[in-house]
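**Q** Mind docking chain B on chain A? Use the hints.
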Amino acid sequence: MIAVAPQERVLQAFGEAVGTLIDDFDLIDALHRLCARGVELLDVTAVGIMLAGPHGDLQVLAASDERTGVLELFGLQSEEGPCAESYRSGEALVNAGLAAPDGTARYPLFAERARQAGYATAHALPLRLRQRSIGAIGMLHAGPHTLDPEGVRLGRTLADVATLAVLQQHTIEQGNVERAQVQAALVSRTVIEQAKGVLAEHWTTGVDEAFDALRGYARRHGERLADVARGIIDGTLGTEALR
Amino acid sequence: MGTSAEMAAVLQTLHPVTGAQGLIGTDPESCARVLGVDGVALSLLTSDGTAEMVWASEGDSRRLEDLQFTLGEGPCVDAVGRGSLVIEPDLSRLPADRWPVLLPELAALGIGAVFCFPLLVGRVCMGILTLQRRAAGPLTDAGMDDALILTGALTAVLLDGGAASDALMAVERPSDLYRAAVHQATGMISVQAGIPLSQALLRLRAYAYRHGRPILEVAEDVVARRLDFRNDGPEPDPSGRKRG
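If you read the sequences in order, they're chains A and B.
Residue numbering for the first sequence follows full-length UniProt numbering, starting at 1 and increasing by one per position.
Residue numbering for the second sequence follows full-length UniProt numbering, starting at 1 and increasing by one per position.
Hints are computed from structural coordinates only; laboratory data are not their basis.
The structure displayed is predicted, hence computed values, not measured ones.
Glycine included, each C-beta is placed from N, C-alpha and C at the ideal position.
One-sided excerpt, in silico: chain A residues whose CB lies under 10 Å from chain B:
id	residue
1	G53
2	D57
3	E178
4	Q183
5	A184
6	T190
7	V198
8	E201
9	A229
10	I233
Cβ-to-Cβ under 8 Å is the rule here; a few derived chain A residues that face chain B:
id	residue
11	P54
12	H55
13	V60
14	G175
15	N176
16	A180
17	Q194
18	A195
19	K196
20	G197
21	A200
22	H202
23	R230
Pulled out of the complex, with its shape left as it was, chain A reads as follows (with noise of 0.2 Å):
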């Protein structure tokens, strides 16, 4: 692999994201694999993205990796953790120890159970759009790790890359765009995880495989995720097209 820049690799990600803007994209998909991308440029093991919902509480709207303990080790961090610091003050939370002292006395729940699953260090950066902070971008790492200065940059560039994304969202509000935009990339993200439990039911297998299969139809058909999965509540596609 020829050596790139981390800020070139870092535009080509930019670039990957936005090319997929033009028209009718799949942000859920999007953004996935713009987490995907995070963990190879900040080298760490999971990223993910978390948005506000009208109460403010956070809710994971994509990760690097899709599989249900992932997304769950996010989903803790809707009101406790590194991401929910982070989306309350609008700051950065980076190198935080997910051990006892710091990572007990500050988040517990999430501290513990990020520990179980394997995770020693958390990063968290705020998507902010304007003057407010709409979501958390999250690393989590099965090491120390440390986020440097350098690091830090990339990581708020992949949240601008991310805020940027959901606002790109084609809806067909005149007005409150911002706040429609937000909303409807929450709603998305509830659909696929209702549609995986109905495929999930469908075929008796977990809910994993009925991601890969929800995405791989999604893919193969040029579909946004999030459509594939209304059909398939709606009864509109038939869960034996998504085989």
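**A** Coordinates of chain B only, in the frame set by chain A:
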């Protein structure tokens, strides 16, 4: 995102319902004032897919609800179908074929802007909150935040099914409702019991209450196949608003 003090007062008046009426204690006119519009209406979707207006300002908002459900077209119908917000800050600029019969009626009433907020959990839609205003233009940022918060609180109260006496879901943080396992379990239960997603979610919630367990924990059992709803006792109330 924060709640305005006025909206916090409205949220305090939300309570679990046994009948359709009385879901929101606040009068609709003052709620409309808080949101910066001329009128508000809330319609709930019944199990047969029709809508029932349960709370509305006098006058135009009631008329708007009646017209939409009579004509079968309009922002609410679109919001339910698409499962997304419908924000139309300037009805005069819409193409006539958007709602061919409704638009002239709204113009005659003098309604200039409509904002529909479906009570959504993914593909589950419990009802629609509709705001209308004579003057065209978007909601203020604070008004939009308040409308989204009210929508979320109403959704939570309806899912609560009247089971938790005075434990207001509106003031609790319903963050469990946004966890992946809850939605995955909802999808699984709908297939297991052969019921729509909305009823599956209510059944999951009712089971959690009945057994005094957090909904997330029950959902994780369903996803891990330690629990299934193929034969989950008596049918819950079909309206989903009362616990059987």
